[in-house]
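Same order as they appear, the protein sequences are chains A and B. The numbering of the first sequence is this note's numbering, which starts it at 1 and goes up by one. The numbering of the second sequence is this note's numbering, which starts it at 632 and goes up by one.
Everything labelled a hint here was simulated from the structure, so no lab data went into it. Ideal placement from N, C-alpha and C gives every residue a C-beta, glycine not left out. Incorrect hints may appear among the rest.
Unchecked claim - Think about it this way: if two alpha-carbon atoms lie no more than 27 Å apart in a straight line, the pair counts; the simulated DSS-like pairs of lysine-lysine are:
id	chain 1	residue 1	chain 2	residue 2
1	A	Lys4	B	Lys748
2	A	Lys363	B	Lys940
3	B	Lys820	B	Lys686
Claimed, not checked - Far from chain B, some chain A residues (derived; all Cβ distances over 10 Å):
id	residue
4	Leu55
5	Ile127
6	Ala151
7	Ala392
8	His620
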Amino acid sequence: MSPKHIEDMYDAVIVGAGAAGLSAALGMLRSDAIRGLRDDGVEPRILVISKLQPLRSHTGSAEGGIAASLGNVEADDWQWHYFDTVKGGDWLVDQDAAKLLAEYAPQTVINLERDGVAFSRTDDGRIAQRRFGGHTKDFGREPVRRAAYAADRVGHQILHSLWQQCVAAGVEFAEEWYVTDLVLDADRSRVAGVVAYDTHAGAVHAIHARNVLLATGGAGRLFHTTSNSWDLTGDGMALALAAGLQLEDAEFVQFHPTGLAHTGILLSEAARAEGGVLRNADGEAFMAQYAPEHRDLAARDVVSRSIMAEIDAGRGVADPKDPDGPKDCVWLDMTGIDRDHMEAVLPQVVETIRKYANIDPAKHWVPVKPTAHYTMGGIPITTDGEVYRWMAGDDAGRRTVVEGLFAAGECSCVSVHGANRLGGNSLLDACLFGNRAGLALAARIVEHPVDDPMADAADTTDDPLTAAVDAAAAARKDELAMLLSPADAADDAANGASDAIDDNPYRLLADLGRVMERAVAVRCSADTIGTALAALHDELAPRAAALHAHSDMAAFNQEVTAIWEARHLVSLGETVLRASDARHESRGSLKRLDYPDRDDAHFLAHSMCSGDGLLWQPVHIVDYPPQARAY
Amino acid sequence: MSGMDDALTTVTLRVNRFTPRPERDRGARGGSPFAKKGGSPFGGGASRNRRPRGKQWTQEYTLRVRPEDTVLDCLLTVKRTVDPTLAFRYSCGHGMCGSDAVAINGTPTLLCTATVKDWAQRPNPFAQPDDEGFRHTGDADDETTLPDAGTDASDGLGVIELAPLPGFPVQRDLIADIDPMLDQIRKLKPYLQADGVLATTHDGKVDVFEYLQRPEQLAKYEMLSNCIACGVCEGSCPVFAGGDAFIGPAALIAASRFVNDSRDTATAARLDAIDTADGVAACQSVRACSRQCPRGIDVGEEMWQIVAKVKER
């Protein structure tokens, strides 16, 4: 679906159509502000641009649950959820944001239910809830059933319900359009619009907008083994970097403990919540040693590191599909779960194991390996979704909001996840802060709507911004022509398989994934980071710059998009490495072998990394001073 | 696919390729007021079956693979190591996003759930009817009924033929335009229409609660709500893919999902909307739609149920 025509100016453009982007669109359109505007006969001009058809968004792969202290199956309190979130994030959480997350989680989940989500139910018809790693009652005392779930397909349910509600609200989409540029004014203080590439027509468009919201998701494709879909290439984060903005806490990448061996496909934490146990090569249930209290349901970073420690100690096993390969897996033992119960509450997990490992989990142990799963860091935002810059120089120690620019979901960092995200908090973050950003967008739109009948026709304040977007689009058109021009050896692959084709973005992505995985997956040190930075600068970045397409036909030329994605990932990879290098401590998901301990005296702060350098922003501590983090 | 050197065998992918003619070459004709619109009120019809214009050819890629690799694994290897111009949709890689429906050996299914060992076939034996007069089109592992397929391992597992999803216009290579299906789903108001009544507390204050729904009520539509709108059922349906103006099984599943949801209050209107010649009346109960549903929905049975509901009103 493409827009029938492109407006000269949009009130708001939303980039990305997963849980965050769709929640923002709905939050905006359902707001009192926009209702009032419509009552006055002014229709807001909104466009949602998405590189996938919205139902293909990776939100649909989320399995386990969405956390909220509904208290439907046992006593719960949002203050406990708040505390768990802060502790889970190893105190790198902005507590004002985490407080909002926990306090408004029940409202968010109930609204999703009322939008149609087919949640699993208790016998009396309430939303059912299950245990999830790191979620406790009484401030860490014992596990609590807090994750609302829909069998193990809660992401699918949420994505489809949100899309359905957007259909009801008449949201206009530009599907399979790829945003190549975020355009700001000259001093990076105000948004001007985006440049978007319609992959169907192969055409570049200048999209002028008074407000832009980025909701493009994560960047799991930085790593070779990842649970993320092939489209999670960190586009929004890379767009922000390219526009001269910062990324916050880019060094924190969560590795989910239980990827299905070398496929990286996720086996939900629900498998352990329902009784699955991790075992090493000797059959020992090793989590009891690393986290005596919560064992297999300790926070994800703790479990991933424990698995790696077992593997390093020689107690790993090989992926049975590659029996002579490295012993870089451990076992997930689900044989203690009743078969019928397993089929009823973990159908997706069971199906994945059968399909992709040819194993019956009710009878046999399943090989698992940590898999890149979630980027805690991202584009820095306020609790209303406004993108800001952390200032140096005269304004040092201050946040300066980029007027009209918003972000939400995994590509953003409001810092509710800190150094490590709890399971069940990502869908919640995307829906809750997506909705809040939508409300903030609405408030800005009604101040100065494009179709304002009272607007001064001679108003020229938009003109310099319009010119900036047009210039960026023209530059991108020129680049597209170069990428497509049949240069020297460019066309040899199009007409037949040749053994020795030159470089291409798919090959580059695979190589980048291996470099990043060796350097910073689960653990790193100055040495491994240095090696990867050298590989990036000396080999991968020059290769990315030299890429060209092997077909000169623009329509549905996936290689063009892949080239831009590869360049996005290379620039983002460099930022992740630089931020990892700067943090001389171990915290949450970041394990520095050369700095094994947390260092609150120096690093109780968010890294703010851009092309201009790296600054530190203090963490917002409101209620819970840092403590040791034990499970 | 990482250890190519350990690969056990080979497979040949025979891909039906298509490159659209550039935009500027079109439009020489067109503009006829009689060639547009018309057909189904559900948005199918003429535009859906417009024959795309461009260059068509067949290309073969022979790869070293493991039998348990998926066809998507194979195509990604092609992109990476042989031919980066080959176009096909894919995203999650494990059967949840619904983007990679194509025809494999003529059968609509997902690239990421199809394994080489299940779909590779020797070219010759299948072209002939078997003893009972049937011509096999799938089920390559059902070896007992097949003529001797040869046991020489040197020529690998055989051939897998790939084509875009039937019933939809091809856009490039294996990419088909499935917007007609999404338009049809959208036309049937695929969103919960509940009474919106807010629960209240004892003293009459509005208290926001979820709608209550007991597990047995959920069970009536839970399976239907798992539909990922991949289009496999549509491509399998001889009425839909055959070009008639049928709203199609995917849209009917979406409608049925809400008809069976105890929270929804629009059942009568929903049943009216599908009680048309191009709605449930066009379903011929062929039940081909059930065979490859990646979410395990018995689409044909659900069609039957919704037809019965329409008739029993």
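Tested hints:
{"no.": "1", "hint": "A/Lys4 x B/Lys748", "verdict": "violated (44 Å)"}
{"no.": "2", "hint": "A/Lys363 x B/Lys940", "verdict": "violated (42 Å)"}
{"no.": "3", "hint": "B/Lys820 x B/Lys686", "verdict": "violated (38 Å)"}
{"no.": "4", "hint": "Leu55", "verdict": "violated (5 Å)"}
{"no.": "5", "hint": "Ile127", "verdict": "violated (5 Å)"}
{"no.": "6", "hint": "Ala151", "verdict": "violated (7 Å)"}
{"no.": "7", "hint": "Ala392", "verdict": "holds (39 Å)"}
{"no.": "8", "hint": "His620", "verdict": "holds (28 Å)"}
The structure is inconsistent with the numbered hints 1, 2, 3, 4, 5, 6, although it conforms to all the rest.
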